[in-house]
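So the chains spell out like this:
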Amino acid sequence: MRTKDLVVTAISNTFRSKLRTTLTVLAIFVGAFTLTLTNAVGAGVSQYVDAQVGALGSPDVFIITQASDATAAGDGPVEYDAASSASVSSQQGPPGTTTKALTDADLQAIGDTAGIESVDPIRSVQPDYIEYESGTPYEFSINATSAVTTADLTAGAQLDGGATEAQLVLPDAFVTPLGFASADDAVGASVSIGITDILGAKHVVNATVVGVSLESLLAAGAGANDALIAELADAQSGGIDTAVTSYGVAVAHFDTALSTDAVTALKADLATAGYTASTIEDQLGAVQTVINGIVGVLNAFAVIALIAAAFGIINTLLMSVQERTREIGLMKAMGMSGGKVYTLFSLEAIVIGFLGSAIGAGVAIGLGSALSAVLSQGLLSGLPGLNILLFEPLSVAFVIGLVMLIAFLSGTLPAQRAARQNPIESLRYE
Amino acid sequence: MDSEWVIDAQGLEKSYGSGASRFDALKGVSVQIAPGETVAIIGKSGSGKSTLMHLLALLDEPDRGTLQVAGKNAKSLSKRAINELRNKEFGFVFQQFFLTPNVSVLDNVILPLKIAGMGGKERRRRGMEVLEQLELADKAGSKATTLSGGQKQRVVIGRALVNAPRVIFADEPTGNLDTATGAVVEDILFDLNRSQGITLVIVTHDEELAARCDRQIYIRDGLVVSHTTSTHTGAHALIIGGAA
Chain D
1 MRTKDLVVTA ISNTFRSKLR TTLTVLAIFV GAFTLTLTNA VGAGVSQYVD AQVGALGSPD
61 VFIITQASDA TAAGDGPVEY DAASSASVSS QQGPPGTTTK ALTDADLQAI GDTAGIESVD
121 PIRSVQPDYI EYESGTPYEF SINATSAVTT ADLTAGAQLD GGATEAQLVL PDAFVTPLGF
181 ASADDAVGAS VSIGITDILG AKHVVNATVV GVSLESLLAA GAGANDALIA ELADAQSGGI
241 DTAVTSYGVA VAHFDTALST DAVTALKADL ATAGYTASTI EDQLGAVQTV INGIVGVLNA
301 FAVIALIAAA FGIINTLLMS VQERTREIGL MKAMGMSGGK VYTLFSLEAI VIGFLGSAIG
361 AGVAIGLGSA LSAVLSQGLL SGLPGLNILL FEPLSVAFVI GLVMLIAFLS GTLPAQRAAR
421 QNPIESLRYE
Chain P
1001 MDSEWVIDAQ GLEKSYGSGA SRFDALKGVS VQIAPGETVA IIGKSGSGKS TLMHLLALLD
1061 EPDRGTLQVA GKNAKSLSKR AINELRNKEF GFVFQQFFLT PNVSVLDNVI LPLKIAGMGG
1121 KERRRRGMEV LEQLELADKA GSKATTLSGG QKQRVVIGRA LVNAPRVIFA DEPTGNLDTA
1181 TGAVVEDILF DLNRSQGITL VIVTHDEELA ARCDRQIYIR DGLVVSHTTS THTGAHALII
1241 GGAA
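Respectively, the protein sequence lines represent chains D and P.
Going by my numbering, the first residue of the first sequence is number 1, and it counts up by one from there.
Going by my numbering, the first residue of the second sequence is number 1001, and it counts up by one from there.
Honestly, the hints are just simulated from the structure, not real lab data.
The model shown is predicted, which means the values in this text are computed figures rather than measured ones.
Be aware that a few hints might be false.
Stated by the list, open to error - Pairs of lysine-lysine residues, derived as BS3-like cross-links and limited to a Cα-Cα distance of at most 27 Å, are as follows: (1) P:Lys1044 / D:Lys4; (2) P:Lys1079 / D:Lys340; (3) D:Lys4 / D:Lys340; (4) D:Lys4 / P:Lys1027.
Claimed, not checked - Chain P regions said to be covered by chain D (calculated; three or more residues, Cβ under 8 Å): (5) 1066 to 1079; (6) 1084 to 1097; (7) 1109 to 1117.
Ideal placement from N, C-alpha and C gives every residue a C-beta, glycine not left out.
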């Protein structure tokens, strides 16, 4: 029997007992539907987190602070050292935690560490407001690390770090209030940023909007390039050189060609020198682990449903073999080999598996896309850019393939039984 | 061994079960069948006549004895070769029709060709040819379940005939049919024998049907009890040495 004939015969045999096939397909449908959805949730959330990681910084970036000077109880007060004792508020640890500031000497030391390509201090600026063409001013903040991050843009382009012109990436929430018709309309416009210097005098700095970004969960505020930050910092200092330059945090770029092990070694080197270096991945690793855990548990439930469905396939095919005993006997009497009979029944199992999984995945994609759209307007509107259900063609194909494999394995027992049948016994069968 | 026989069986024995429940279905049966012959195997139920047919048709293996089919020793043939032999050289007609329900008459008829791996077009052409020969061409597209008993048995004959076999084995071919329809089916079978020279091996307990064959082999309790040769045809009449 030709392969094409075997496949065609298997497909038509599947539809011979429509009700039974439908019920078995339904059981598989439930499993495939669930598995497709849980995979989509995993992919959707992962993609969102990845976008957030992009917003936090590039993969070749260390966030560097002084190692925290945890004062052990009983050691007594630490002696003052003019060179290193300046403290700044830290983002690590409980609110109010301070860490020793990084000085220019520290930056020099970090920059000299083998493997570090460049190091830049993060200068935080606190602008008061933003306004466009003398419209209503709005309160406004700038994300200090935006110069090294990749914004999740809806319009325009990323910041140009090397540009001398002051550039701004505007959060999309500001587009309408500032009087722009659309995000595209905002790109290229010149806006005014108000800032108060340390002496209480007001200054206005102009910047060009180069892009509009989605609000990010992990990095709030607008993005500004080095030129704009420098201009704002100068305005903020009121022309006074504060003499002691100290920074809470520095951003260091390392060689992108470094392997994971080399990055770990580099971190250890910096730790020996008294600095804490962490990559964005380190900071988000815990989040990813939790998400993967949840998706894993959901997948396990879907697989349990599929295992239940596998018994349905076994049952269906056993009944089919029983019913078609004579037919099998006849085909064998007419010279069909046991191997071909086995293939025929295995193919029937695979056809059932394919039907269940293709319909399940199809319905999951249809329903899921609709649900995703509704959720992003309602319940999840606070997380712009989150596509809770992301259907990746490859993972959908994987689900269908997996279900077909499970179906094939379920078909093994009935197919073997059919293949082993003695033609005479089968033909006598009443 | 003489290759003038299409089937040459010597001292076939076959038993089922073991111990106290052991049942000797055949106790040493020798049968020789010439090409183009019509042979009836006659006996009551339980006499071993069906078992004999199964052995001759290579559907089962004898416990003892030798069997030559078309000059080849059945024992020396591989499973694959036996499957191919049954597929190409033999046709089967059973008392029960064993038609696949919900499948068209044409698809039922071409099943052996499909198993043989013949292409779709050629299959349909051969199938239609056979259906025309059996005056069933107008039913080609109907489902097998919609046919009458006589039509069904004609479809079965079509299925047995479609691969142009050398031998057709018929197990009670008219057992499920009324006298008139049965007679029509018998006429078709004997016509095929005359026009195409197909050897017929008919298992039956119907004396009238048996009498239409060239030769009758009577089986009782697993042994050949007598041989008779009909006088109505001269060409194929052969007297075969007895059994056991």
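Hints versus structure:
Between Lys1044 of chain P and Lys4 of chain D, the direct Cα distance comes to roughly 45 Å. Violation of the 27 Å bound is thereby established for this hinted pair. For the proposed pair Lys1079 of chain P and Lys340 of chain D, the alpha carbon gap of about 13 Å is at most 27 Å, so the pair holds. For the proposed pair Lys4 of chain D and Lys340 of chain D, the alpha carbon gap of about 12 Å is at most 27 Å, so the pair holds. With a C-alpha separation of about 45 Å, the suggested pairing of Lys4 of chain D with Lys1027 of chain P is violated against the 27 Å cut-off.
Note: the region 1066 to 1079 of chain P has 1 residues with beta-carbon separation from chain D under 8 Å; the three-residue rule is not met and the coverage is violated. Interface restraint, the region 1084 to 1097 of chain P with chain D: holds (8 residues with C-beta to C-beta distance below 8 Å; minimum three). Closer than 8 Å: that is the beta-carbon criterion, and the region 1109 to 1117 of chain P has 6 residues meeting it against chain D, so the requirement of 3 holds.
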